[in-house]
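Participant: Residue numbers (my numbering), protein chains in the order written: chain X, 1 to 152; chain G, 1001 to 1311.
Calculated directly from the structure, the hints in this document are not laboratory data.
Model, not experiment: these values are computed from the prediction.
Mixed in with the good hints, there may be bad ones.
Examples of chain G residues lying across from chain X (beta carbon under 7 angstroms, computed) [unchecked claim]:
| # | residue |
| --- | --- |
| 1 | GLU1028 |
| 2 | VAL1070 |
| 3 | SER1082 |
| 4 | THR1086 |
| 5 | LEU1107 |
| 6 | GLY1109 |
| 7 | ALA1110 |
| 8 | ARG1112 |
| 9 | TYR1113 |
| 10 | GLY1128 |
Even for Gly, the Cβ is constructed at its ideal location relative to N, Cα and C.
The chain contents come next:
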Amino acid sequence: MINKKELQIAALQNGTVIDHIPSDQLFKVVSLLGIEKLRTPVTIGYNLDSKKMGRKGILKIAGKFFEQDEINRISLIAPAVKLNIIKDYEVAEKKLVQLPDELIGIVKCNNPKCISNNEPMKTRFKVIDKEKVTLKCEYCEMKTKKEDIVLL
Amino acid sequence: MDQMKKKSFVSVADLSKEDILRLVKSAESFEKNPNRKILEGKVCATLFFEPSTRTRLSFETAINRLDGKVIGFSDAATTSSSKGETLKDTIKMVSNYADLIIMRHYLEGAARYASEITDVPVINAGDGANQHPSQTMLDLYSIYKTQGKLNNLTITMVGDLKYGRTVHSLIVGMSHFNPAFNFIAPEELRLPDIYKQFMEEKGLYYKEYTDFSEEVINGSDILYMTRVQRERFTDLMEYEKVKNIYILKNNMLKDSKENLRILHPLPRVNEIAYDVDDNFKAYYFEQAKNGVFARQAIICDVLGTNHPPAP
Chain X
1 MINKKELQIA
11 ALQNGTVIDH
21 IPSDQLFKVV
31 SLLGIEKLRT
41 PVTIGYNLDS
51 KKMGRKGILK
61 IAGKFFEQDE
71 INRISLIAPA
81 VKLNIIKDYE
91 VAEKKLVQLP
101 DELIGIVKCN
111 NPKCISNNEP
121 MKTRFKVIDK
131 EKVTLKCEYC
141 EMKTKKEDIV
151 LL
Chain G
1001 MDQMKKKSFV
1011 SVADLSKEDI
1021 LRLVKSAESF
1031 EKNPNRKILE
1041 GKVCATLFFE
1051 PSTRTRLSFE
1061 TAINRLDGKV
1071 IGFSDAATTS
1081 SSKGETLKDT
1091 IKMVSNYADL
1101 IIMRHYLEGA
1111 ARYASEITDV
1121 PVINAGDGAN
1131 QHPSQTMLDL
1141 YSIYKTQGKL
1151 NNLTITMVGD
1161 LKYGRTVHSL
1171 IVGMSHFNPA
1181 FNFIAPEELR
1191 LPDIYKQFME
1201 EKGLYYKEYT
1211 DFSEEVINGS
1221 DILYMTRVQR
1231 ERFTDLMEYE
1241 KVKNIYILKN
1251 NMLKDSKENL
1261 RILHPLPRVN
1271 EIAYDVDDNF
1281 KAYYFEQAKN
1291 GVFARQAIIC
1301 DVLGTNHPPA
1311 P
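Generate the whole structure from the sequences, applying the supplied hints.
Facilitator: Printed below as a string of structure tokens:
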């Protein structure tokens, strides 16, 4: 059975549809994925009705498939997001975004005395609590709570 | 620690119960026979990006007693890092010369980072406010030596429990051995919540006090004293109120257990009265001496050097 919603998604020939983005995070997601730098057609849906979320955002990006570390970037601010990978008008794959066990080069350490803020190097964090989103710097060993996370 | 990989000694949190017991036994064997030619032909670098005379001398004594050679610096002001060289470049350069790097740095996580960018084993001799794991090993060895065991001991920690990294690391190191902890500190310098959570997760007993009472001392096997520093207080009135409360005097020990020993990471200022020094329960000077044996054990462990136990 094909309903209107699926038709809209299937209208992409090749690309990625990112659904269930919390409305208040939509433009952060746009910026984190570097969508403003793309030269392919992008549809941005903002404040759409959602049974589950009340309001949601959606992104339809033609001709773009994201690498794992790009997807990891959004998992921090929009953990419930769903990615539909569209190939030849069909949903080729559905991906749930999940927090990885380790975040490399994505989050800034909030400790000014951490080596990662003083050397030209990538930051490394262990995700020690996936539910509460608590990170631990693998260098200075300081913990960062969800509300204190600063992205690089 | 993975035996197959290059070993480094960076954080107490990396050590398993077996690692700690192996190092303690090894330190014991070095105490029986500290002068051995285990490091003959080896060059050890001691890189002290911030000065720490006590720790550096202890490491260099350990190396010298094992017949190793020492290169290095005791103050970053005399090195290229003062010209803006990155830590990475300094470590890469020294790795060409040395078989082992022992480093002290003012930035937290520096030793971990160094261990990632070189094939030479790295020993952390202190990274900012984060870790000082060789101090923890000498504390653990001192506890083992004076009590004959590490299991099921009551450890009372006194003073600055908020900023004292030796306190935090000792909690982590002892957590494998079912200890009971008493924490005695002024309100402003109480143990941070993350360590309480850690003990709760491990199912360890602990109790907090603001009074330094004989009752708590009398139930203890180890009394671990630390310095209450004036500069830690935002409210100097508060400091004036508490500065003389956390001083151990000899008459407070009259009903303490026979096996009680008093430890202190040193330097002390006034938190242990001088009349305690003559009490046989005062152990802080021998504790510092144990540092050499604990560091000999750590050095040989990271180098994977076989050393038969002393006869």
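Participant: Does each hint fit the structure? Answer for all of them.
Facilitator: Hints, one by one, checked against the model:
| no. | hint | result |
| --- | --- | --- |
| 1 | GLU1028 | 29 angstroms, violated |
| 2 | VAL1070 | 25 angstroms, violated |
| 3 | SER1082 | 14 angstroms, violated |
| 4 | THR1086 | 6 angstroms, holds |
| 5 | LEU1107 | 5 angstroms, holds |
| 6 | GLY1109 | 3 angstroms, holds |
| 7 | ALA1110 | 5 angstroms, holds |
| 8 | ARG1112 | 5 angstroms, holds |
| 9 | TYR1113 | 5 angstroms, holds |
| 10 | GLY1128 | 5 angstroms, holds |
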